[in-house]
Amino acid sequence: MINPTAHLNPKIFDDDIERVPSRDGFGEGLVIAGEENSQVVALCADLTESTRIEAFKAKFPDRFVEIGVAEQNLATVASGMAAAGKIPFISSYATFSPGRNWEQIRTTICYNNQPVKIIGSHAGISVGPDGATHQALEDMAIMRALPNMVVICPTDAVEAKKATIALAKTMQPTYLRLSRDKVPTITTLQTPFEIGRAEVLYEGKDLTIVACGQLVYAALQAAKALEDEGISTRVINCHTIKPLDHKTLLKAAEETGAIVTIEEHQVTGGLGGAVAEFLSQNFPVPIKILGVEDHFGESGETQELLKKFGLTKEMIIKAATKVVRMKA
Amino acid sequence: MSLNDWQIHTLEEQANSIRQDIIKMLLEAGSGHSAGPLGMADIFTALYFHVLKIDPKNVTDPDRDRLVLSNGHICPVLYTTMAHRGYFPISELATLRKLGTRLQGHPHREALPGLETTSGPLGSGLSQASGMAYVAKMDNLKWRTYCLTSDGEHDAGNTWEAVLFAGKNHLPLTAIMDRNNIQIDGVTEEIMPLESVKAKYEAFNWHVIEIDGHNFAQIVDACDQALAVVEKPTMILAHTIPGKGVDFMEKKFEWHGKPPNAEEAKLALHELRTLGRKIQSEHQ
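Chains as they are written, first to last, in this note's numbering: chain C, 1 to 328; chain F, 1001 to 1284.
Any given hint could be a false lead.
[What the hints assert, rightly or not] Here are the computed lysine to any residue pairs in the SDA-like style, where the Cα-Cα straight-line distance is at most 20 Å:
no. : chain 1 : residue 1 : chain 2 : residue 2
1   : F       : K1137     : C       : D16
2   : F       : K1137     : C       : R63
3   : F       : K1137     : C       : K224
4   : F       : K1137     : C       : E66
5   : C       : K318      : C       : S299
6   : F       : K1137     : C       : K308
7   : F       : K1168     : C       : H246
8   : F       : K1232     : C       : E66
9   : C       : K318      : C       : F296
10  : C       : K57       : F       : K1024
11  : C       : K57       : F       : E1092
12  : F       : K1142     : C       : R63
13  : F       : K1024     : F       : A1136
14  : F       : K1024     : F       : L1267
15  : F       : K1278     : F       : E1092
16  : F       : K1168     : C       : P61
17  : C       : K59       : F       : D1139
18  : F       : K1142     : C       : D62
19  : F       : K1142     : C       : T170
20  : F       : K1057     : F       : K1024
21  : C       : K224      : C       : D16
22  : C       : K59       : F       : E1092
23  : C       : K205      : C       : H246
24  : F       : K1053     : C       : G85
25  : F       : K1168     : C       : F64
26  : C       : K308      : C       : K318
27  : F       : K1137     : C       : K318
28  : C       : K57       : F       : L1267
29  : F       : K1168     : C       : K308
30  : C       : K57       : F       : K1057
31  : F       : K1137     : C       : H246
32  : C       : K57       : F       : K1168
33  : C       : K251      : C       : E293
34  : F       : K1142     : C       : E66
35  : F       : K1137     : C       : F64
36  : F       : K1168     : C       : R63
37  : F       : K1137     : C       : H134
38  : F       : K1168     : C       : K205
None of these hints come from the bench; they were simulated from the model.
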């Protein structure tokens, strides 16, 4: 059953659930962050409208910096501005930033420890028709491996807005992963959000599904269907991939004894990797990692692609049944 | 303001002493770069002992000038100059590149107070300096940003992204290029020709000044002139001799990335001490 303290959208399982891209929540959150702190600045690499940084630009034109199609400069100019006291948000598509500028992020932001907030929009195969060049499936792996870096993948626009406001208040380098596609708004203003704390959205005792991004919704749908079949399923929204919420995951492994993870990312190095690294060394239980299996994406409509790459409610149910059988 | 003869002599003596300590620290470390640090000793001396508005006892002063070393591998000259200027004890130079040192093989901001950035991977410093200068301009702050960059790192796209950005935004920024014509694999004009680099910078809306990077009067005059050019960032193309002051190292790209051995260090120090005595006698 739905965890009542999560205060999810009451229309969660209705067909007409509101759908909004998580990048919209970022855009709204950044304006609030800018109002709250005059040191917040925004930089963009020629994608102002589609990364939703345009609202900040309209409200604070003197605090917006256009960098042009130059993602390495985007990261390094931001590092310099942070060194001079600013809290820079830098936005582009995730394949370009943090894709193209990884070393600059590593050296001038992470090792240099400057509070630059990297916003990677258009992550995952749900980008759709633009195809594999624009579908970031490795971004969480390359960001998660960096010391000092915080990695957040919000599930919907409401959570993206909360995350944006929250990370403007931290002095750490952060990567925020956003979607292009409209995704179901499953959380509400009352849903708790804290960087580094995973939220149990659905309670259960036979297994746990750990998800991030828009696939939290598929996980909830799967949990409901599994419950109808008599398999009590817990769902954790693990929006912060780093630092990982060890306490909540350990409790889930101890109490449910089986884990399925799902993410719009390569199965290597993302959420599933992080969960498996931790649990295999602390409380080994059967785990199935769902994601893209060492493959590039392709053009297509979002739902077609999610189906082709096995990121659906049906695949979660299949994996759940399997890990429950594997329990001793 | 231009330097008088006494000031020039004082700076020459200081630079000579810094060169000797660079040789000693590289010998002690057993690895590191020789040619670049020796070639840039005069410019670092001029900056830290005359040009920069800094206080080694107050390294977080919000009004301080910012110096960004982009080509971090020449950090032996940065560390030695900072020690001579009073940022930390000269004896600490012996810890270069050793476990637990604040003097990392390439500069790390969080390791040593007084460093403005972490650097080493080439091509990123001019952008970071541009970010600082952008803040100074947007908030109307009076401090100045200086960026030391190499000719070799002008192979990197990131550098030219910064050149475009600084030119577009008319940034209050003084960049100094160590135009020593060598990089690891050989001569810059053979690896990837840069000329005419002056015309290139001017085409990107920069003010360009060419100087002899071993002439203190020219170094200081160029930095003064850059402050007066308010509508453009300034690039000072400093022609330097890699390995300057040590005859067998001068102009040899083979000395880019290696330290002297004990015998070579002895020879180098002998040469530098002789030069030091000459400067002293001229002064007296």
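Outcome of the hint check:
1. Restraint check: the Cα-Cα separation between K1137(F) and D16(C) comes to about 50 Å, which exceeds 20 Å; the hinted pair is violated.
2. About 12 Å separates the Cα atoms of K1137(F) and R63(C), which keeps this hinted pair within 20 Å; it holds.
3. A threshold of 20 Å between alpha carbons decides the hint, and for K1137(F) with K224(C) the separation of about 56 Å lies outside it, so the pair is violated.
4. With a C-alpha separation of about 15 Å, the suggested pairing of K1137(F) with E66(C) holds against the 20 Å cut-off.
5. A distance of roughly 26 Å separates the Cα atoms of K318(C) and S299(C); the hinted pair therefore is violated under the 20 Å criterion.
6. This hinted pair does not check out: K1137(F) and K308(C) have alpha carbons roughly 51 Å apart, beyond 20 Å.
7. In summary, the hint linking K1168(F) to H246(C) is not supported, as the alpha carbons are separated by about 47 Å, beyond the 20 Å threshold.
8. For the suggested pair K1232(F) and E66(C), the alpha carbons sit about 18 Å apart, so the restraint of at most 20 Å is met.
9. For the hint linking K318(C) to F296(C), the alpha-carbon distance of about 23 Å lies beyond 20 Å, and the restraint is violated.
10. Under the criterion of a C-alpha separation no larger than 20 Å, the hint pairing K57(C) with K1024(F) is inconsistent with the structure, at around 53 Å.
11. A distance of roughly 48 Å separates the Cα atoms of K57(C) and E1092(F); the hinted pair therefore is violated under the 20 Å criterion.
12. The suggested pairing of K1142(F) with R63(C) holds, with an alpha-carbon distance near 19 Å, which does not exceed 20 Å.
13. Taking the CA atoms of K1024(F) and A1136(F), the gap is near 38 Å; set against the 20 Å cutoff, the hint is violated.
14. For the hint linking K1024(F) to L1267(F), the alpha-carbon distance of about 12 Å falls within 20 Å, and the restraint holds.
15. Annotation: proposed proximity of K1278(F) to E1092(F) is violated, straight-line Cα distance about 28 Å (limit 20 Å).
16. Of the pairs offered as hints, the one joining K1168(F) and P61(C) holds, with about 17 Å between alpha carbons and a cut-off of 20 Å not exceeded.
17. At roughly 17 Å between alpha-carbon atoms, K59(C) and D1139(F) fall within 20 Å of each other, so this suggested pair holds.
18. For a cut-off of 20 Å, the pair hint linking K1142(F) to D62(C) stands: about 18 Å separates their Cα positions.
19. The hinted pair formed by K1142(F) and T170(C) fails the criterion: a straight-line CA distance of about 28 Å is larger than 20 Å.
20. Of the supplied pair hints, the one linking K1057(F) and K1024(F) is violated, its CA atoms being roughly 26 Å apart against a limit of 20 Å.
21. For the given pair, K224(C) sits about 17 Å from D16(C) by alpha-carbon distance, which is consistent with the 20 Å threshold.
22. Pair hint K59(C) plus E1092(F) does not hold up; C-alpha atoms about 50 Å apart against a cutoff of 20 Å.
23. Of the pairs offered as hints, the one joining K205(C) and H246(C) holds, with about 18 Å between alpha carbons and a cut-off of 20 Å not exceeded.
24. Under the criterion of a C-alpha separation no larger than 20 Å, the hint pairing K1053(F) with G85(C) is consistent with the structure, at around 19 Å.
25. Note on K1168(F) and F64(C): the hinted pairing holds, with a Cα-Cα distance of about 15 Å set against a maximum of 20 Å.
26. Between K308(C) and K318(C) the alpha-carbon distance is near 15 Å, which keeps this suggested pair within the 20 Å criterion.
27. Restraint check for K1137(F) and K318(C): the C-alpha separation of about 59 Å exceeds 20 Å, so the hint is violated.
28. Pair hint K57(C) plus L1267(F) does not hold up; C-alpha atoms about 61 Å apart against a cutoff of 20 Å.
29. Of the supplied pair hints, the one linking K1168(F) and K308(C) is violated, its CA atoms being roughly 46 Å apart against a limit of 20 Å.
30. For the hint pairing K57(C) with K1057(F), the CA-to-CA distance comes to about 39 Å; that exceeds 20 Å, so the pair is violated.
31. Proximity of K1137(F) to H246(C) is assessed by CA-CA distance (about 44 Å); at most 20 Å being required, the pair is judged violated.
32. The hinted pair formed by K57(C) and K1168(F) meets the criterion: a straight-line CA distance of about 18 Å does not exceed 20 Å.
33. Restraint check: the Cα-Cα separation between K251(C) and E293(C) comes to about 28 Å, which exceeds 20 Å; the hinted pair is violated.
34. A C-alpha spacing of about 24 Å is found between K1142(F) and E66(C), which places the hinted pair above 20 Å, so the restraint is violated.
35. Taking the CA atoms of K1137(F) and F64(C), the gap is near 13 Å; set against the 20 Å cutoff, the hint holds.
36. Simply put, K1168(F) and R63(C) have alpha-carbon atoms about 16 Å apart, close enough for the 20 Å limit, and the pair holds.
37. For the suggested pair K1137(F) and H134(C), the alpha carbons sit about 35 Å apart, so the restraint of at most 20 Å is broken.
38. The suggested pairing of K1168(F) with K205(C) is violated, with an alpha-carbon distance near 60 Å, which exceeds 20 Å.
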